[in-house]
Amino acid sequence: MQRTTMDLWVGLFVAAGIGALLVLALKVGNMGTYSAAQSYTLMGSFENIGGLKPRAPVKSAGVVVGRVLDIQFNPETFDAVVTMSIDIRYRFPKDTFASILTSGLLGEQYIGLAAGGDEVMLKSGDKIMKTNSAMVLEEMIGRFLFNKASENKDGKN
Amino acid sequence: MLPRRIVLGIQGVGHRVIESVWRLGRASRFFILMLMKSGTSMRRFRLVIREIYFTGVLSLIIIVVSGLFVGMVLGLQGYETLQKYGSESAVGTLVALSLVRELGPVVAALLFASRAGSAITAEIGLMKATEQLAAMEMMAVDPMARVVAPRFWAGVISMPFLAAMFSSVGVFGGYLVTVVLIGVDEGSFWSQMQSAVDFRYDIVNGVIKTCVFGVAVTAIAVFEGYDAPPTAEGVSGATTRTVVTSSLAILGLDFVLTAFMFRGMS
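Sequence order for the protein chains is A and B. Reminder that position 9 of the first sequence reads as 1473 in my numbering, one-by-one numbering, no gaps. Reminder that position 211 of the second sequence reads as 987 in my numbering, one-by-one numbering, no gaps.
Warning: the hint list may mix true and false statements.
[To be verified] Computed Cβ-Cβ distance ranges for the label pairs, DEER-style: (1) A:G1475 with B:G785: 52 to 60 Å; (2) A:L1565 with B:R799: 53 to 61 Å; (3) A:R1607 with B:L952: 46 to 54 Å; (4) B:I837 with A:Q1502: 37 to 45 Å; (5) A:P1518 with B:T1007: 19 to 27 Å; (6) A:K1523 with B:K813: 50 to 58 Å; (7) B:A916 with A:R1467: 45 to 53 Å; (8) A:R1519 with B:A916: 26 to 34 Å.
[Stated by the list, open to error] Calculated pairs, DMTMM-like style, for lysine to aspartate or glutamate (alpha carbon to alpha carbon, straight line, at most 20 Å): (9) A:K1491 with B:E962; (10) A:K1517 with A:E1583; (11) A:K1491 with B:E878; (12) A:K1517 with B:D974; (13) A:K1591 with A:D1543; (14) A:K1594 with A:E1583; (15) A:K1491 with B:D974; (16) A:K1591 with A:E1540; (17) A:K1491 with B:D961; (18) A:K1523 with B:D974.
Hints in this document: simulated from the structure, not taken from any laboratory. Since the model is a prediction, treat every value here as computed from it, not as a measurement. In this text, a Cβ means the ideal position worked out from N, Cα and C, and glycines have one as well.
Can you make the complete structure from the sequences, with help from the hints?
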């Protein structure tokens, strides 16, 4: 085989390989939709995070605006500190409400941000003051049964 | 009578163990020597390009065709099971994650071992049997630098590209079967896939796996070829051993790498 023909084929092979890697990164993976390069971090402490995991999405009005970076336990206040990285394009007011929600009945858990009306915007490293914990099914059932029982007692008296 | 037999049996086991430790030691020394002699193939990169043509470009057809079929079968089987739970739009996630994380690297490496690894072993083994390697040494051409190292580097370079092509063609095959043929919604196919497949955790880990497999397969192939007894029988045995050993090495390494990469991930 001639040198130039072989070079051509190897060049095509390498180009196709790099193309396949790009397809995987952009079309199959999430590189096209979200880049971690330009983002700022926000913190929030929750009483209970339920099944929230690192890399879970942070959504506002249903749109993914960031990801959960890190979850840690604060041994002084006994609550969970969640660090989020938010896309630099989206700024949120100081009185934004963060709550842990579940997508669908069995879906993954995510953080929902509901914007408030404050004029001052949150800066990188700020802490979200208003948070709402995850719903834990056992606690909800327990509360429901407790209410039911006390209702019955009231009815008898 | 009986104790003598037992002694002979234990001797046989001991002989085999010593033999395999010897072989392992030879293989390690061979590997280090090859890395030290790799300078020539980096300086004369044309040697490597020639070998990329034979190991990489000529393996393309089998890789692309098997990738397409594996993706199509994954799509069919995934749809069959997921539609029972009414979540057939998650079929894109299933196809993409199983290809990028496991099937792409592993199946592409297995095919590469049997298509290119066996060819490398047979070529080097036959060169040794026909005393071409000895002739090179007589002419003061180091066969390690001229024959072995370029083949090794060509395999290491080709493997990630082949596996990436396998995975992306597989995703396309899954798309063909589920979206075009069965009629799963195209938007949810891609969007669920994109939200589930992470670049760092899934794609980069897959590429790391293929690089490790590439090193393992080609190192085994060149060693078996170089170490083969210089007879027709020896070369055929070495070719068989290449395919068997590298397949087992791929599967074993895959387990170890997966245990490290995806441990504790959601």
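Is it true that L1565 of chain A and R799 of chain B lie within 53 to 61 Å of each other by Cβ? 59 Å, holds
Pair hint outcome, K1594 of chain A versus E1583 of chain A [Cα-Cα no greater than 20 Å]: 16 Å, holds
Do R1519 of chain A and A916 of chain B keep their Cβ atoms within the hinted range of 26 to 34 Å? 57 Å, violated
Is the gap between the beta carbons of I837 of chain B and Q1502 of chain A within 37 to 45 Å? 42 Å, holds
CA of K1491 of chain A to CA of D974 of chain B, is that 20 Å or under? 11 Å, holds
20 Å Cα cutoff - pair K1523 of chain A, D974 of chain B: Measuring from Cα to Cα gives roughly 17 Å; hence the hint holds.
Does the beta carbon distance between G1475 of chain A and G785 of chain B stay inside 52 to 60 Å, or does it fall outside? Check passed, 58 Å falls within 52 to 60 Å.
Given hint E1540 of chain A paired with K1591 of chain A - CA-CA distance at most 20 Å: The hint holds at about 16 Å.
With a cut-off of 20 Å on the C-alpha distance, tell me whether K1591 of chain A and D1543 of chain A pass. The hint holds at about 14 Å.
Hint consistency between K1491 of chain A and E962 of chain B [alpha-carbon to alpha-carbon, up to 20 Å]: It holds: about 13 Å lies between the C-alpha atoms, which stays within 20 Å.
For R1607 of chain A and L952 of chain B, compare the CB-CB distance with the range 46 to 54 Å and indicate the outcome. Holds, at about 51 Å.
Quick one, are K1491 of chain A and E878 of chain B close enough, alpha carbons at most 20 Å? Answer holds: K1491 of chain A to E878 of chain B is near 18 Å, not above 20 Å.
Consistency with the previously given hints fails for numbers 5, 7, 8, 10, ordered from lowest to highest.
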